[in-house]
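2 protein chains.
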Amino acid sequence: MNDTFLRACRGEKTDYTPIWMMRQAGRYLPEYQKVRGNVTFLELCKSPELCVEVTLQPIDLLNMDAAILFSDILILMEAMGAPLDFHEGKGPVFATTVRDQASLDKLIIPDPDEATGFVMETIKLLKKELKVPLIGFAGAPFTCATYLIEGGSSKVFWETKKLMFTQPELFHGLMEKITEATILYLQAQARAGAQALQLFDSWAGILAPCDYEEFAYPYVRKILASLKQYDVPLIYFANNGATLLEYSAESGADVVGLDWRINIKDAIARVGNKAVQGNIDPFALLLPEDKLKNRIQRLLDDAKDARGHIFNLGHGIHQFTPPAQAKLAVDLVHELSSK
Amino acid sequence: MNDTFLRACRGEKTDYTPIWMMRQAGRYLPEYQKVRGNVTFLELCKSPELCVEVTLQPIDLLNMDAAILFSDILILMEAMGAPLDFHEGKGPVFATTVRDQASLDKLIIPDPDEATGFVMETIKLLKKELKVPLIGFAGAPFTCATYLIEGGSSKVFWETKKLMFTQPELFHGLMEKITEATILYLQAQARAGAQALQLFDSWAGILAPCDYEEFAYPYVRKILASLKQYDVPLIYFANNGATLLEYSAESGADVVGLDWRINIKDAIARVGNKAVQGNIDPFALLLPEDKLKNRIQRLLDDAKDARGHIFNLGHGIHQFTPPAQAKLAVDLVHELSSK
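Those sequence lines, one after another, are chains S and E.
Every position in the first sequence, counted from 1, becomes a number in our numbering once 47 is added.
Every position in the second sequence, counted from 1, becomes a number in our numbering once 47 is added.
No lab work stands behind these hints, which were simulated from the structure alone.
Idealized CB from N, CA, C, for every residue including glycine.
There's no promise every hint is true.
Chain S is nowhere near these chain E residues, computed Cβ spacing over 12 Å in every case [what the hints assert, rightly or not]: (1) T144; (2) A235; (3) D278; (4) L346.
Pair by pair, the computed Cβ-Cβ distance ranges are [stated by the list, open to error]: (5) S:F367 to E:K386: 53 to 63 Å; (6) E:P369 to S:L151: 23 to 33 Å; (7) S:R238 to E:K386: 56 to 66 Å; (8) E:E96 to S:P77: 57 to 67 Å; (9) S:G164 to E:G138: 38 to 48 Å; (10) S:P130 to E:C257: 37 to 47 Å; (11) E:D352 to S:K312: 26 to 36 Å.
Listed next, the in silico BS3-like pairs over lysine-lysine satisfying Cα-Cα at most 30 Å (straight line) [what the hints assert, rightly or not]: (12) E:K312 to S:K202; (13) E:K153 to S:K209; (14) E:K275 to S:K202; (15) E:K209 to S:K202; (16) E:K351 to E:K386; (17) S:K93 to S:K269; (18) S:K209 to E:K275; (19) E:K202 to S:K202; (20) E:K386 to S:K202; (21) S:K137 to E:K202; (22) E:K224 to S:K269; (23) S:K93 to S:K374; (24) S:K312 to E:K202; (25) E:K351 to S:K338; (26) E:K224 to S:K209; (27) S:K209 to E:K137; (28) E:K153 to E:K224; (29) S:K338 to E:K209; (30) S:K340 to E:K338; (31) E:K175 to E:K275; (32) S:K93 to S:K312; (33) E:K312 to S:K209.
Bound conformation, chain S alone:
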């Protein structure tokens, strides 16, 4: 068992800097495309055997130091009763939106082992196969709420903020319900065998710090606090969250995820005694080898004072990234950090 990733999360000494990439089981891999070609995205998410197959691909092909459960943050929203579909090129679409008390009341708090049993089954199957640690995950409540309120992806999140600013009680009610469901969901993942848990707050960065503090942060803290008992490293990733870093550091997470917009050295100075995960621009994987090597070396140097550093991209790997470039980055991180 390669436990380098877990040791880095805990701030323990490692022989080299571990690396994994957000969305590492994804469309940039022809092997993934092949599996995905026969099923819809949702069918894939609900088939433990196929999830196991695609989760393992980047470990076997690219030598990543951690695996992340193949799933989607909105799977839990569907289990809560929101009718979800994925349209090619358009992303997730909900048939209904949650913008009033009646639609909020219709959402349920599902039993994770029943409603999302396929996720727990995937975790159990993966644990038999993997030689690296398995990361479970969920969306952070604010991020999940935006999809329910907007009915899918959004550019400016008008409906989300309208609800937040004009019906704060309703907004908090929605956040509480998602939080409760997320706690049960992540606890079940830990019980099923996930060895680390990441909370993805993809849209936290659309909030002013004062609004984040009031409308999003308390729920992040509540979830992370509920997971302490499982003694697995907790990672919180607030995307585009450079101005929210002090919150992330105090959230209860062991590891603070960083997007690419901040110099990792500045981030480390601000998060204090926390491990960090990140943060090369995913598109910088297109750099020619010499420049990619320089950039990775600089990032490793800048991160040397971190309590722990897990190398990652600052966002999910882009579908047009050549797999060979991803492999090159993994090899360079391993090689340069072993010196």
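Since the structure of chain S is already known, use the hints to place chain E on it.
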């Protein structure tokens, strides 16, 4: 002449905090919609009489302390030879893209008084009417380049970064050409009578700081340096640029524009002896009066140590904002800052 805005830009004492709003002449105003109903967006931009009419609307209706020339940052790109159109609901679209040397070579450096004479004419006409200062503007080169490279708006800017990372000489060549055209364009605006100039870097925030420093910042500095001779306040707004603030402060701008993601007090501590402009979340204009008042009061308090503060939104006003709420915000800023 109400010169409160100009005095705040220069860090001089003012009787109250001046306010204007990005995109204040825009779709949220029924009076704007009426003018726009008869012409396309591009026709409007090219009609000095209509531009004057819509530029004056928020001054007359909402009592703003500064006017901003009604135009679009891509007008200059069109004058450089890129065929521009605006599609309803889809934003700007260029019929061709600039991704190779041949298409770069086709771009010209236009004489601003000829190719964009309608802009200079609008400025001259406005100067006869206005009782508040007039702000001229252009897009920053990186932001303009993204539109030319992508062929319009983009979600992830894959083509832009691909060009930047794989063909840096070509990318810099494009930046140099846009920079040269922008210098002439803004100098012409100053000669025509613009009393302040703002450089909009709407997409600077997609860059890692190291890439911003290499690919975008030198051109911002070059443009701002070329405008010093006109002795008008220079404003630089790097949207989503919380991690770029130290660059903004050293860019040569007199005023640093701030989006809503950063606490203005933190920003002021980082930009030092510069005036700041911003930074309430545009959607916070939806707050009920008591909460809006509290938020504005807090922002004014947080900004009290700034060398100068121009109140503004952290981004353009949203089209669904009730004009009465915008008016309320203007009145509150005037009232609360006069105490």
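Inset, instruction - Check each numbered hint from earlier against the structure, then list the numbers of those it violates in ascending order. - result: Per hint list: 4, 13, 14, 18, 20, 22, 25, 26, 30 and 32 violated.
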